[in-house]
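Chains as they are written, first to last, in the working numbering: chain A, 1 to 468; chain B, 1 to 468.
By construction, these hints were calculated from the structure, which means they are not laboratory data. Be a bit skeptical, because a hint or two may be false.
[Claimed, not checked] Subject to a maximum C-alpha distance of 30 Å in a straight line, what follows is the list of computed DSSO-like cross-link-like pairs (lysine-lysine): (1) K213(A) to K321(A); (2) K10(B) to K132(A); (3) K132(B) to K10(A); (4) K245(A) to K130(B).
[Stated by the list, open to error] Label-pair ranges, simulated between beta-carbon atoms: (5) E295(A) to V455(B): 21 to 31 Å; (6) S303(B) to E295(A): 30 to 40 Å; (7) V98(A) to S16(B): 27 to 37 Å; (8) K50(A) to L183(B): 46 to 56 Å; (9) F94(A) to E13(B): 22 to 32 Å; (10) V274(A) to F83(B): 30 to 40 Å; (11) P338(A) to E271(B): 46 to 56 Å; (12) H344(A) to V26(B): 57 to 67 Å.
Heads up, the beta-carbon is just placed ideally off N, CA and C, and yes, glycines get one too.
There are 2 protein chains.
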Amino acid sequence: MAKMRSFPVKIWETVSKAGREDPRRVIHSLKVGVALTLVSFLYVLEPLFKDVGQNAMWAVITVVVVLEFTAGATLCKGLNRGFGTLCAGSLAFFIEFVTQRPGRVFRAVFIGASVFLIGAVATYVRFFPKIKKNYDYGVVIFLLTFNLITVSSYRVENVLHIARERLYTIAIGCGVCLLMSLLVCPNWSGEDLHNSMVYKLESLAKSIEECVKEYFIDMETKADEDEPDKDDPIYKGYRAVLDSKSTDEALAMFASWEPRHSRHCYKYPWEQYVKLGAVLRRFGYTAVALHGCLESEIQTPKSVRALFKDPCIRAVQEVSKVLMELASSMKRRRRCSPDVLSDHLHESLQDLNAAIKSQPRLFLSPNRPANKVLSSMKTDPSALLEWRTKRDHPNHPKGDATDRKAMLRPTLSKIAITSLEFSEALPFAAFASLLVETAARLELVIEEVEELGRVAGFREYSEDGGVD
Amino acid sequence: MAKMRSFPVKIWETVSKAGREDPRRVIHSLKVGVALTLVSFLYVLEPLFKDVGQNAMWAVITVVVVLEFTAGATLCKGLNRGFGTLCAGSLAFFIEFVTQRPGRVFRAVFIGASVFLIGAVATYVRFFPKIKKNYDYGVVIFLLTFNLITVSSYRVENVLHIARERLYTIAIGCGVCLLMSLLVCPNWSGEDLHNSMVYKLESLAKSIEECVKEYFIDMETKADEDEPDKDDPIYKGYRAVLDSKSTDEALAMFASWEPRHSRHCYKYPWEQYVKLGAVLRRFGYTAVALHGCLESEIQTPKSVRALFKDPCIRAVQEVSKVLMELASSMKRRRRCSPDVLSDHLHESLQDLNAAIKSQPRLFLSPNRPANKVLSSMKTDPSALLEWRTKRDHPNHPKGDATDRKAMLRPTLSKIAITSLEFSEALPFAAFASLLVETAARLELVIEEVEELGRVAGFREYSEDGGVD
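With the rest of the complex left out, here is chain A (with noise of 0.2 Å):
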């Protein structure tokens, strides 16, 4: 009973997510709606029946079918439907002209063969990388409407004049929809790429600054789940980097065919966002290996880390600074500061090398007091074997299969790693080691921002325009 009244709330949760995500999503919808009571006009209206007729089912067809979320998708798809269409019914009309004469069989079997090969070479054509990538729904439209032209020639008469109405009511579908895409409250795919490379330069920074801050707050309330958390924020920002390769590449393909909607004419560089994003996603690999020493098997004591934890944080906030300081330049479409790599991050990692080098003796692993602290962690032959036994009774009843997965995720653990007897310090030499090679990847980002920045012809750096 509780079950079945919960099914409308888990509805209404759905429905009311989807548009507080993104509202611009709901006025989409009314776009839709708008346009296909537009076209649908065609076939009401008497007087303008009369011109497109029964065709105007093409122009239904066509609002269904191009008019997507955003404008660059939109004229994309509108284009390439225009475009396909001219091309097959050229083609279309060409073989019509070469099988005017001979007799009826010979006409089966040159239409037969023709959309054989066509249909053929066309799906090959298909395949090809840059087809696929621009032109790929133009070739579709480019199969469908030579075969309707083609298998229709042979019981009518006049094919052109199939050919010409149906591109008269796909030309007009494609007018509405480019009139509701990039009129009405347009969506520019451009506009999006551009504020996700900003959301992910600040998610990025975030990520780190947690990351290293939760590595010097006390280990002991930490729960050592495998999984990462969802709604960990270390784990939120870095993953709305690492797989963003797709959504990137499209965005910046839809955004190639939008108009330019600014002063400059030039083509405008794309494709430097992807690149910005490639680089991106490098750092959030170095970010996703910092993470990984919160949660490896070896810790270093919290004690040793005490020592190094001022440098560190205040390391990471340097680097983290320069990303925000990036991501607010971005933000305003100007160049960033010519001070964006300032001298307090070369400060702070050099104050950390003198941490490091102040505590040589961390470095000498054996026989010092803190091995006590590993005590709990060292070999254990005896989890091995308690382990290969398990394994050999593969079907252990379901029930407790997440208890038992429960279980044996630590025993494996001790076998692999925390059987040695590593030197301590060892992880937070890579902690280390890895803080500083973010900040070294840190440089490729200024970089990769700093030429998106030239090419694109963001404003110059000025003082008012603050650095907040």
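Following the hints, complete the assembly by docking chain B onto the known chain A.
For chain B alone, coordinates are given in the frame of chain A:
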């Protein structure tokens, strides 16, 4: 002239490359050609034309749009198309029933309103993640059919007839598609997904092994490029894994539409493949970090590295062997050997530990003669100044932009990183720690492969199945 002649060569290369990469593409193209020719017969042959007539066009459209590369994708689209048409037909018939009585104006208004409402609602529904994932195409077709039928109902009397005819011909089209994709040389998404996992395990194994080996060969021969070389086997190995999220998910989605083509009848656990893919990506991030150690600006001197060469290489070979064993067991669809996590890995890690312990002096950084090696990379405040000066001339002539970039990079790196005199063993410590981390992550991979073997009902491990 040479350019003109090279154009056909280029075309031919593109054509043959697409075929060589995956010969099934050629077969698929021929299949599409045959399917199109088959449905064209509906229109061309007299007895068939009598039955379906003008509506044969819908069969042609269906084939062009529905016949996809893999069986799963075709089924997904075909069933979505069929079900969408059916739903739309029912709803349109209901609306037709409601508007039967009243006058023309009322009908026009009612049709306009329902087109708007259904258009907006259906578009909004497409934003729901669950609908978007599985039924996006179905909703589009629903909208398309609903509009066609509702709008035609204004002028045509027998809408039920239109709807039925359309459904028949679409069913014929879908039938031809399913026939071609399920029975004639079918390409299964599920098999692609399975093979891609095997391939990924193998490439990760090769990638990390290559990476560690390269760390210990002489570093002088290596050019210090920041952009990873596309043909670098290390980069190639993990790249296949990193950006695989969307492909994996699409394949798993299509595979879930495919009928099971083996003995068990229960739902095949495609989701487990997606999980395994996620774990492999996480493993891949460690591989990236390990690769980062090769490209890092601060490097441990060769003499120091040589001390740890053997245990490191042994350890990575053990890790790589485990991955290869997992790949080979997945390839044969059998559970992996109970000895997959062998004592050898454990031993090699202990050897590495012993080697690190035996050289405690190395982790004491300051005032050692090896500092000489790093002397060329010492603090260089002039570099920062030089960099700033250059940045202040953003309108630098474009011609030497690449020269400038090449020059800028080492300079910047010097500022950020190498001007610090970190302990030279620190980067090695990071490398060793990441290697140990790799072994720890390996365990998660084993667990997911095990789980996959269990839920997918792979056959039990047997000695004669052999470890190769």
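Okay, the hints, checked on the actual structure:
With a C-alpha separation of about 15 Å, the suggested pairing of K213(A) with K321(A) holds against the 30 Å cut-off. A distance of roughly 17 Å separates the Cα atoms of K10(B) and K132(A); the hinted pair therefore holds under the 30 Å criterion. At roughly 17 Å between alpha-carbon atoms, K132(B) and K10(A) fall within 30 Å of each other, so this suggested pair holds. Distance check on the hinted pair: K245(A) and K130(B) sit about 22 Å apart at the alpha-carbon level, within 30 Å; holds.
A beta carbon spacing of about 26 Å between E295(A) and V455(B) agrees with the range 21 to 31 Å that was offered as a hint. Distance hint check: the CB atoms of S303(B) and E295(A) are about 34 Å apart, consistent with the given range 30 to 40 Å. Between V98(A) and S16(B) the C-beta distance comes to about 29 Å, which sits within the given range of 27 to 37 Å. Under the hint 46 to 56 Å, the C-beta atoms of K50(A) and L183(B), about 48 Å apart, fit the expected range.
The hinted range of 22 to 32 Å is satisfied by F94(A) and E13(B), whose Cβ atoms lie roughly 28 Å apart. Range check, V274(A) to F83(B): about 37 Å between beta-carbon atoms, so the 30 to 40 Å window is met. At roughly 51 Å, the beta-carbon separation of P338(A) and E271(B) lies within the given 46 to 56 Å, and the hint holds. At about 60 Å, the beta-carbon gap between H344(A) and V26(B) stays in the expected band of 57 to 67 Å.
Going down the numbered hints, you'll see the structure goes against none, and every one checks out.
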